[in-house]
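Chemist: Counting from 1, one number per residue, gives the positions in the sequence shown under full-length UniProt numbering.
Simulated from the structure, these hints should not be mistaken for lab results. Ideal Cβ placement from N, Cα and C applies to all residues, glycine included. Be a bit skeptical, because a hint or two may be false.
[Stated by the list, open to error] Once the Cα atoms are required to be at most 20 Å apart in a straight line, the calculated EDC-like pairs of lysine to aspartate or glutamate come out as: (1) Lys-20 <-> Glu-61; (2) Lys-26 <-> Glu-37; (3) Lys-78 <-> Glu-61; (4) Lys-60 <-> Asp-89; (5) Lys-78 <-> Glu-31; (6) Lys-78 <-> Glu-18; (7) Lys-60 <-> Glu-88; (8) Lys-97 <-> Glu-61; (9) Lys-57 <-> Glu-18; (10) Lys-57 <-> Glu-37; (11) Lys-2 <-> Asp-32; (12) Lys-16 <-> Asp-89; (13) Lys-16 <-> Asp-32; (14) Lys-26 <-> Glu-61; (15) Lys-16 <-> Glu-37; (16) Lys-26 <-> Asp-89; (17) Lys-78 <-> Asp-30; (18) Lys-20 <-> Glu-37.
[Stated by the list, open to error] Computed spacing ranges between beta-carbons, pair by pair: (19) Asp-32 <-> Lys-83: 17 to 27 Å; (20) Glu-54 <-> Gly-90: 45 to 55 Å; (21) Arg-47 <-> Gly-103: 17 to 27 Å; (22) Ser-67 <-> Gly-99: 16 to 26 Å; (23) Glu-18 <-> Lys-60: 16 to 26 Å; (24) Thr-76 <-> Leu-28: 36 to 46 Å; (25) Asp-89 <-> Gly-7: 17 to 27 Å; (26) Gly-77 <-> Gln-46: 29 to 39 Å; (27) Lys-78 <-> Gly-56: 36 to 46 Å; (28) Lys-78 <-> Val-6: 16 to 26 Å.
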Amino acid sequence: MKRLRVGDLVQVISGKEEGKQGRITKILADEDRVVVEGLNTVTRHQRPTPRNQEGGKITKEAPIHASNVMPVDPATGKPTRVKVRVGEDGKKTRVGKSGSAIGVG
Numbered sequence: 001m002k003r004l005r006v007g008d009l010v011q012v013i014s015g016k017e018e019g020k021q022g023r024i025t026k027i028l029a030d031e032d033r034v035v036v037e038g039l040n041t042v043t044r045h046q047r048p049t050p051r052n053q054e055g056g057k058i059t060k061e062a063p064i065h066a067s068n069v070m071p072v073d074p075a076t077g078k079p080t081r082v083k084v085r086v087g088e089d090g091k092k093t094r095v096g097k098s099g100s101a102i103g104v105g
C-alpha cells in the first residue's frame, strides 16, 4: 500500500515551500515525485500556437520529491508518518500516529 495518494492533504517538510500545505493533484511514480496544488509554482514562457493564441508567461506547479512531503493527520492537523492497519475483514487502511484514518475515501 502506498504512503501517498491523489487528493491527500500534505505538508512540505523541506525546501523553499517548507511548512505549507496543499492537496496532491498528480503522482509521478516513476520519478518518485508529487505535484501539490498551489505549491512550487514555476513560470514558463509559452510561444503562441494554434491551441494557445496568446502565448506569454504561464505559471504552473512543478513536482516535489515525495520524501519532502508528509501526509497531515486529520485528528491533530500535523504531519505524520503513515502506518497500515489491517482490519478484521482483511482490508488495509492508512492511519496516522493518532490512529485516525488518512485519505479521501
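Chemist: Hint by hint, say whether it matches the structure.
Modeler: Hints, verified against the model:
1. Lys-20 <-> Glu-61: holds, 14 Å
2. Lys-26 <-> Glu-37: Roughly 9 Å separates the two Cα atoms, so the pair holds.
3. Lys-78 <-> Glu-61: violated, 23 Å
4. Lys-60 <-> Asp-89: Status violated; Cα separation ~42 Å.
5. Lys-78 <-> Glu-31: Violated, at about 26 Å.
6. Lys-78 <-> Glu-18: holds, 13 Å
7. Lys-60 <-> Glu-88: Outside the cut-off at roughly 43 Å; violated.
8. Lys-97 <-> Glu-61: Violated - the C-alpha atoms of Glu-61 and Lys-97 are around 29 Å apart, more than 20 Å.
9. Lys-57 <-> Glu-18: violated, 25 Å
10. Lys-57 <-> Glu-37: Measuring from Cα to Cα gives roughly 19 Å; hence the hint holds.
11. Lys-2 <-> Asp-32: With a Cα-Cα distance of about 12 Å, the restraint between Lys-2 and Asp-32 holds, given a limit of 20 Å.
12. Lys-16 <-> Asp-89: Status violated; Cα separation ~43 Å.
13. Lys-16 <-> Asp-32: Roughly 19 Å separates the two Cα atoms, so the pair holds.
14. Lys-26 <-> Glu-61: Between Lys-26 and Glu-61 the Cα gap is close to 10 Å, so the pair holds against 20 Å.
15. Lys-16 <-> Glu-37: With a Cα-Cα distance of about 15 Å, the restraint between Lys-16 and Glu-37 holds, given a limit of 20 Å.
16. Lys-26 <-> Asp-89: violated, 30 Å
17. Lys-78 <-> Asp-30: With Cα atoms ~28 Å apart, Lys-78 and Asp-30 exceed 20 Å; violated.
18. Lys-20 <-> Glu-37: holds, 11 Å
19. Asp-32 <-> Lys-83: 17 to 27 Å: Between Asp-32 and Lys-83, where Cβ atoms are some 20 Å apart, the hint holds.
20. Glu-54 <-> Gly-90: 45 to 55 Å: About 54 Å separates the Cβ atoms of Glu-54 and Gly-90, which means 45 to 55 Å holds.
21. Arg-47 <-> Gly-103: 17 to 27 Å: violated, 40 Å
22. Ser-67 <-> Gly-99: 16 to 26 Å: holds, 24 Å
23. Glu-18 <-> Lys-60: 16 to 26 Å: 21 Å Cβ-Cβ, so the 16 to 26 Å window holds.
24. Thr-76 <-> Leu-28: 36 to 46 Å: violated, 29 Å
25. Asp-89 <-> Gly-7: 17 to 27 Å: Between Asp-89 and Gly-7, where Cβ atoms are some 23 Å apart, the hint holds.
26. Gly-77 <-> Gln-46: 29 to 39 Å: Once the Cβ atoms are compared, 38 Å apart, the range 29 to 39 Å for Gln-46 and Gly-77 holds.
27. Lys-78 <-> Gly-56: 36 to 46 Å: holds, 40 Å
28. Lys-78 <-> Val-6: 16 to 26 Å: Distance hint for Lys-78, Val-6 holds at roughly 22 Å.
The structure shown violates the earlier hints numbered 3, 4, 5, 7, 8, 9, 12, 16, 17, 21, 24.
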